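Read top to bottom, the protein sequences are chains A and B. Note that the working numbering gives residue 94 to position 94 of the first sequence, counting from 1, and the numbers run on in steps of one. To convert, count from 1 in the second sequence and add 271; that's the working numbering.
I should point out that these hints are in silico values taken from the structure, not numbers from a laboratory. Mixed in with the good hints, there may be bad ones.
[Unchecked claim] Incomplete in silico selection of chain B near chain A, CB under 8 Å:
{"hint": "1", "residue": "Pro-331"}
{"hint": "2", "residue": "Pro-352"}
{"hint": "3", "residue": "Tyr-391"}
Because the structure is a prediction, the values reported are computed rather than measured. Every residue, glycine too, gets a C-beta built ideally from N, C-alpha and C.
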Amino acid sequence: MLAERTDEGAARVAAAVAGRLGHGHVLCVRPAELGPARWSHRVDASGAARTRITLTDGTLLDSRRTGAVLNRLQHIPAVGFGAASAKDRDYARAELHALTASWLLSLGSRVVGGTAGAYGTAEGPISPMAALAVAVRCELPVARRLTSTRAGLTGPLPPGLRATPHLRWPGGRGAPVPVDIGPERPGPGGQDPADRILVAGDNVVGDGPVVPYAPRCRLLAERLNSRLLELRFLRTDTGPALAEVDLCPPLDLPAHRTAVADLLIALLELA
Amino acid sequence: MIAFYGYPDDAPLARAVDAAREADIEHVVIDQHRLDRHDLVTEVTGDSGGFLRAWGTRLPLSRITAVYARPLEPGAASADPAARARAVAFHRAFTDWLDSTASRVVNRPRAMESNASKPYQAQLIARTGFLVPDTLVTNVPDEVREFRAQHGRIVYKSLSAVRSIVREFDDEDERRLERIRALPTQFQAYVPGRDVRVHTVGGRVFATAVDCEATDYRYAARDGMPVEMSTYRPPDDVAERCVRLSAALGLLLAGIDLRLRPDGRWVCFEVNPMPAFSYFESLTGLPISEAVVRLLRET
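Produce the complete structure using the sequences and hints provided.
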């Protein structure tokens, strides 16, 4: 489990997996532990990789003995670079991300979470807007969203939408500052479980009016190269409208955690 | 309509713009120096509502059929916070649009990502049949000593997209090897042979042989070493593999760094998703910028 200590969803998935397999089968690695660990990452001439990571407490994480990884990485801190220049700290962070990405890529389908990208993070390089644009191509009904470099360029606000300026500036809709225009409803998080779909491998978890979209949600996961994502919908007069694609879902619903635990255990059994 | 995105004084972009102008192709240059003075509206549900406003003209995004994008690091920021915010928002929104538009994009930002981790990219490169350098990333000095003993000659360089000069690891480096404990560092087996830089533009291949004694020919001048470049015709199977590799990485334009070993086998070091082809074009006459524009026009 590659997750922050504060990541409750990951902690509960870890507890669920440990409850079914035994505590010795689950190792929680915090992002801040990656930098100080001893790394040996080999890529041979044919591209085959082997990684041995020895954590500061002596625990060895060997890629040949890793059955599955839940990747919840957002950011790897450059531990030990506190006194370094900003440039050196940025360099250290970039190098650690590059290394982690290579390690995770070499684990292939054993990794759940993330887009198998070159930064190693769960969210990868895909922005929320780009993810929604891919959803449009998967024929999912997507809520209208615009971005404008000046508030006044988009004309009068259509009903149901609100404009959020990038910085506070006088002048209202005439202000020379960028705005994001999106659904008026408050952001996701407290939405009804019936408006949420989780894709975990081949499993799609959800009920209510969004269920018919399950196959397209799976297609979206495939196109985003991610085996774990959550889609959150708004209810509109014309039916559900996708408001957000989350590549690092909170796993706050029991059914979501069960699906992820099932997937991890299935991978472990395959390994 | 073709759009060019980047700094107009950046040589590869400038050459491509010149090629478009010479071919009398309708185009627009979106100048990264002036993003706060351009405007952009994008809509996630499609291009129909989006438009670009540059040089006093409003251009619907749906009219842009192809883009050559060479986004570089932002320059000096404006003192005006609103202008700064507009420049940042423009770049972010345009990058998102490049990743999602149905228009041809050379190259999509998402496809350029693999270069952010060299060992990551090496694993992808090897899937297309090229050999890659035997690589070790470690912060354990003894591992490096063992790796050096195994290979004899080794080099070191950054593993992320941060540019570094490839240097051969020598006894002086060995004396300061303890310093790698602070950060895992990338070491590679030295690969003898002749450098060949291959540029792929769609399905076309432009190869340059590079003859130089330096470990990293890009910086040979700093060490007072001459570099000779000449056009080169790679074997058909190697050319075909280069095209396949670029396609596998989602790149319509790529700079592929190869080395032909004395035993006749090809090693691929990396694939540059935003190659500075102008350097090779100016020294060899290979018509790469013209090919880029032709590719953009073929939409």
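- Task: Hint by hint, work out which the structure violates, then give me just those numbers in ascending order.
- Result: 1
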